[in-house]
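Trainee: Working from the sequences, and respecting the hints, build out all of it.
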Amino acid sequence: MDTYEPHIYELSAPGKHGTNLPRLDVPEAALPTALLRQDGMNDFPELTEPEVMRHYTRISQRNASPDTMMYPLGSCTMKATPKLHEEVARYAGFAAVHPLQDESLSQGALQLMYELQDYLGEISGFEAVSLQPAAGAQGELTGILAFRAYHLDRGDPDRTEVLVPNAAHGTNPATAAMVGLKVVELKSDARGNVDMDDLRAKLSPRTAGMMLTNPNTLGLFEDQIVEICQLVHEAGGLMYGDGANFNAILGIAKPGKLGFDFMHYNLHKTFTTPHGGGGPGSGAVGCTAELAPFLPGPRVRQTASGSYELFTPEKSIGRMKAFHGNFAMLVRAWTYIRTLGAAGLREVSEIAVLNANYVRVKLKDLYPQAIDRICMHETVLRGQIAGAQGIRTLDIAKRLIDYGFHPPTVYFPLIVPEALMIEPTETEGKRTLDIFIQAMRDIAREAVETPDVLHDAPTTAPVRRLDEVRAARQPILRYNAEAFAQILNER
Amino acid sequence: MSISIPGDLRYSTSDEWVRTEGEEVVIGITDYAQDALGDVVYIELPAVGTVLTPGESFGVIESVKASSDLYAPIGGEVVAVNSDLEANQEPINQDPYGAGWLLRIRPSGEEEPLMDATAYAAYCEERAH
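Protein chains in written order, with full-length UniProt numbering: chain A, 1 to 491; chain B, 1 to 129.
A few chain A residues that don't get close to chain B, going by computed Cβ distances all over 10 Å:
(1) L47
(2) L199
(3) I401
(4) L433
(5) I435
Facing chain A, according to a computed beta carbon distance under 10 Å, are these residues of chain B, among others:
(6) V41
(7) Y42
(8) E62
(9) K65
Keep in mind that the hints were calculated from the coordinates and are not lab data. Just so it is clear, the structure is predicted and the values come from calculations on it, not from any experiment. Virtual Cβ for every residue (Gly too), placed ideally from N, Cα, C.
Mentor: Okay, structure coming up:
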């Protein structure tokens with residue numbers, strides 16, 4: 001089904017247009033030269049309205065998304081985005097408000113931000129929340145900048161090391177490096193948790209803090225978390241919680257009570273705001289009272305008269321983002337929390353964990369588990385099927401597309417060879433999970449009996465397997481008619 | 001999956017190999033490492049003259065699957081780098097012990113604990129399960 005959708009420039013022809021303007025009744029004047037583009041990109045495609053509409057509708061129908069299929073992309077929490085949230089975010093009072101509008105004219109928007117700060121703090125056990133960061137990695141950067149500022153403020157400039165487990169998301173070490181601190185990698189133990197002996201050996205007066213995801217990227221709960229936090233605190237360091245996997249513990253455990261000092265919330269994962277091309281993220285952050293003065297501003301507070309105002313914390317590390325963060329995402333997250341309430345949020349996590357374990361138990365005889373334990377909201381299996389020659393995880397992932405599923409995360413975490421990381425989320429019911437499980441079982445059989453079917457996959461998708469190596473080695477970053485024609489010829 | 005592990009090299013736990021050639025040593029990544037990484041698409045190597053300490057990160061290697069640091073198995077001064085790899089990384093996958101070499105070093109005498117071929121084979125085997 002390798003069908004080719006022409007590029008919009010290929011559909012273009014001079015003189016075609018989508019609107020009919022009235023006859024010009026003023027003298028025609030050229031645009032000022034200073035306003036003209038100087039980069040040669042002056043050719044805009046010329047098409048009729050139906051052509052444009054059909055082109056983009058066709059492309060949208062080729063998209064893989066939670067609107068069209070189960071999307072078990074581990075660590076990404078691709079849960080459904082309720083359509084109600086889209087409606088609320090489009091209310092004129094939210095959608096048409098200008099960020100520079102006077103506070104007195106933005107009270108509703110400020111109230112929403114104030115309440116969301118409050119809810120997120122309550123759910124996670126933290127004193128203070130800033131809604132500024134644009135996404136998870138920026139939340140991490142905010143946290144480690146705050147750690148650095150905190151240590152400097154205390155006159156302790158030599159804390160320059162950040163401990164990061166080897167199973168961590170790549171953004172953790174990248175964040176520490178971005179702040180100019182040294183990354184110290186921690187080993188994992190046989191149970192897939194932080195190796196406590198390695199942690200003890202690497203803590204020192206140079207320790208600025210530790211970054212930890214709990215549950216971790218193997219989908220396992222770090223059950224020594226209280227002791228980990230104590231050890232880091234005794235060494236004078238701070239604990240950063242990567243909130244990417246927060247979907248597993250809503251209403252069950254509060255990171256602030258476990259001993260974390262700072263965390264980010266991926267509103268676009270845990271709190272349903274769209275992501276993965278569906279919209280910008282939001283990486284709001286929460287922290288202890290001790291670190292609150294360092295949070296980025298502006299935050300929202302309530303005055304004695306009951307109105308809402310913006311303020312910047314006294315020792316703030318500064319702004320992380322223009323205006324008030326990705327505001328429309330805050331509206332969606334607020335709506336989610338208000339729709340479900342405390343009991344509903346807890347049920348989200350319970351079902352997410354139940355779903356992941358259902359998939360795990362139904363597949364582990366064919367796909368070995370990375371670590372043989374009960375998992376949290378996601379399970380990490382290995383694409384090493386007994387009796388299958390020359391089949392890799394990538395082949396299994398591509399074949400799943402033919403069965404109508406978005407593939408899971410593959411080759412992550414890096415410490416698991418041929419990793420397949422499956423996160424069904426609470427969105428899916430038993431019926432869909434059973435179809436997914438059957439597809440995975442069928443693929444395991446094909447891997448042994450007809451391996452070429454896997455090597456050739458996907459065969460039912462609009463495009464076949466992409467040449468990822470060539471795309472990385474010889475990227476074409478800008479449309480170029482000649483290069484494009486040559487690629488088409490080679491197909 | 002059969003991994004090539006030449007008997008005359010020494011190996012680090014981070015999957016670099018070390019070959020002594022007279023006064024100098026040559027460093028690369030092992031067949032196990034290239035197989036685990038998949039097709040390499042980018043590599044960043046240090047400048048000639050850089051002094052490495054054992055265990056220190058000396059560069060970055062990126063494949064379609066992952067980006068990893070490269071760690072110095074031994075200390076010393078970089079006397080040559082395989083700059084052909086910047087334009088074409090294929091030799092790292094095709095010939096990791098030959099044309100895919102990374103650095104030539106004048107050793108300082110400091111080393112990470114290194115394994116012989118037998119120990120490294122066991123180390124690879126252990127991680128495959």
